[in-house]
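Residue numbers (this note's numbering), protein chains in the order written: chain A, 21 to 131; chain B, 62 to 173.
Calculated from the structure, these hints are not laboratory results. The beta-carbon is built from N, C-alpha and C at its ideal position, and this holds for glycine as well. Fair warning: there could be bad hints in the mix.
To be verified - Computed list of chain A residues with no C-beta within reach of chain B, every gap over 12 Å:
1) 35
2) 39
3) 42
4) 44
5) 48
6) 60
7) 61
8) 64
9) 72
10) 82
11) 89
12) 105
13) 111
14) 124
15) 125
16) 130
Stated by the list, open to error - Per label pair, the in silico range of CB-to-CB distance:
17) A:73 / B:120: 34 to 42 Å
18) A:131 / B:83: 37 to 45 Å
19) A:82 / B:66: 24 to 32 Å
20) A:50 / B:115: 21 to 29 Å
21) B:142 / A:34: 41 to 49 Å
22) B:123 / A:87: 32 to 40 Å
23) A:127 / B:68: 21 to 29 Å
24) B:71 / A:127: 37 to 45 Å
25) A:60 / B:83: 14 to 22 Å
26) B:115 / A:33: 39 to 47 Å
27) A:23 / B:144: 35 to 43 Å
28) A:91 / B:92: 32 to 40 Å
Chain by chain, the residues:
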Amino acid sequence: EAQVTQNPRYLITVTGKKLTVTCSQNMNHEYMSWYRQDPGLGLRQIYYSMNVEVTDKGDVPEGYKVSRKEKRNFPLILESPSPNQTSLYFCASSRHNTEAFFGQGTRLTVV
Amino acid sequence: SQKIEQNSEALNIQEGKTATLTCNYTNYSPAYLQWYRQDPGRGPVFLLLIRENEKEKRKERLKVTFDTTLKQSLFHITASQPADSATYLCAPMNSGYSTLTFGKGTMLLVSP
Numbered sequence: 021e022a023q024v025t026q027n028p029r030y031l032i033t034v035t036g037k038k039l040t041v042t043c044s045q046n047m048n049h050e051y052m053s054w055y056r057q058d059p060g061l062g063l064r065q066i067y068y069s070m071n072v073e074v075t076d077k078g079d080v081p082e083g084y085k086v087s088r089k090e091k092r093n094f095p096l097i098l099e100s101p102s103p104n105q106t107s108l109y110f111c112a113s114s115r116h117n118t119e120a121f122f123g124q125g126t127r128l129t130v131v
Numbered sequence: 062s063q064k065i066e067q068n069s070e071a072l073n074i075q076e077g078k079t080a081t082l083t084c085n086y087t088n089y090s091p092a093y094l095q096w097y098r099q100d101p102g103r104g105p106v107f108l109l110l111i112r113e114n115e116k117e118k119r120k121e122r123l124k125v126t127f128d129t130t131l132k133q134s135l136f137h138i139t140a141s142q143p144a145d146s147a148t149y150l151c152a153p154m155n156s157g158y159s160t161l162t163f164g165k166g167t168m169l170l171v172s173p
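All chains, full assembly: derive it from the sequences and hints.
Now the structure itself:
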């Protein structure tokens, strides 16, 4: 089954404790992205990648890192999480200019 | 700067009626425009993609129009059902870009 898998689904952590949210897709898509969604602000793009070893900043990249060492994986790294990074996060993948497939989401709380 | 505007107020309609949602954009010259459905706490799900040279596209009860002169797309759901209640997002895409930027979405509530 074609899918984008994020882990974990839920995470509560403390300020400053490094964490990684994993994202994996099994469709051999070139493009992968991370979004965060907050009430009233909609989906905002954090980082995206057009292929292996190619990443670029989205609209709200501060406080986040990503890597694309393999085509199927695109982890999101929070080196020093802060409470303003409490949000619902989505990973997505697609081919060039086609529909995007989204993961099931990761609800992160930073206390 | 680029803007995507969708009606922030929820659209309430009765079952069986046609729902029409609007997406307006500025400072885009989109070659494509996509519509997605999102249920609370879940990832968006792709519905339709329309190209700039297509005025209209249909899929079952869904219809999308794309007017590049007005810089607007309309999304219609005919014979709406309570199960259609969700937030609907539009995403115009410039030619050559593959990163998706979404409008904030319009919530549709279909009552029995």
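Here is what the structure says about each hint:
1. 35: holds, 24 Å
2. 39: holds, 20 Å
3. 42: Holds, since 15 Å exceeds 12 Å.
4. 44: holds, 14 Å
5. 48: About 15 Å separates residue 48 (chain A) from the closest Cβ of chain B, which puts it past 12 Å; holds.
6. 60: violated, 8 Å
7. 61: Incorrect as stated: the minimum Cβ-Cβ distance to chain B is 7 Å, not above 12 Å.
8. 64: Since the minimum Cβ distance to chain B is about 9 Å, residue 64 (chain A) lies within 12 Å and the statement is violated.
9. 72: Holds, because the least Cβ-Cβ distance between residue 72 (chain A) and chain B comes to about 15 Å, which exceeds 12 Å.
10. 82: About 18 Å separates residue 82 (chain A) from the closest Cβ of chain B, which puts it past 12 Å; holds.
11. 89: Since the minimum Cβ distance to chain B is about 20 Å, residue 89 (chain A) lies beyond 12 Å and the statement holds.
12. 105: Answer for residue 105 (chain A): holds, closest chain B Cβ roughly 18 Å.
13. 111: At about 8 Å from chain B, residue 111 (chain A) fails to clear the 12 Å cut-off, so the statement is violated.
14. 124: violated, 6 Å
15. 125: Its Cβ does come within 12 Å of chain B, the nearest being 6 Å, so this is violated.
16. 130: holds, 18 Å
17. A:73 / B:120: 34 to 42 Å: holds, 37 Å
18. A:131 / B:83: 37 to 45 Å: Once the Cβ atoms are compared, 39 Å apart, the range 37 to 45 Å for residue 83 (chain B) and residue 131 (chain A) holds.
19. A:82 / B:66: 24 to 32 Å: 25 Å Cβ-Cβ, so the 24 to 32 Å window holds.
20. A:50 / B:115: 21 to 29 Å: Given a distance of about 24 Å, which is inside 21 to 29 Å, the answer is holds.
21. B:142 / A:34: 41 to 49 Å: Holds: the Cβ-Cβ distance is about 44 Å, inside 41 to 49 Å.
22. B:123 / A:87: 32 to 40 Å: This hint holds: roughly 38 Å between Cβ atoms.
23. A:127 / B:68: 21 to 29 Å: holds, 27 Å
24. B:71 / A:127: 37 to 45 Å: Between residue 71 (chain B) and residue 127 (chain A), where Cβ atoms are some 23 Å apart, the hint is violated.
25. A:60 / B:83: 14 to 22 Å: Holds, at about 19 Å.
26. B:115 / A:33: 39 to 47 Å: Holds: the Cβ-Cβ distance is about 46 Å, inside 39 to 47 Å.
27. A:23 / B:144: 35 to 43 Å: violated, 22 Å
28. A:91 / B:92: 32 to 40 Å: The hint (32 to 40 Å, Cβ to Cβ) is violated, given that residue 91 (chain A) and residue 92 (chain B) are roughly 25 Å apart.
Hints 6, 7, 8, 13, 14, 15, 24, 27, 28 from the list above are not met by this structure, while the remaining hints are.
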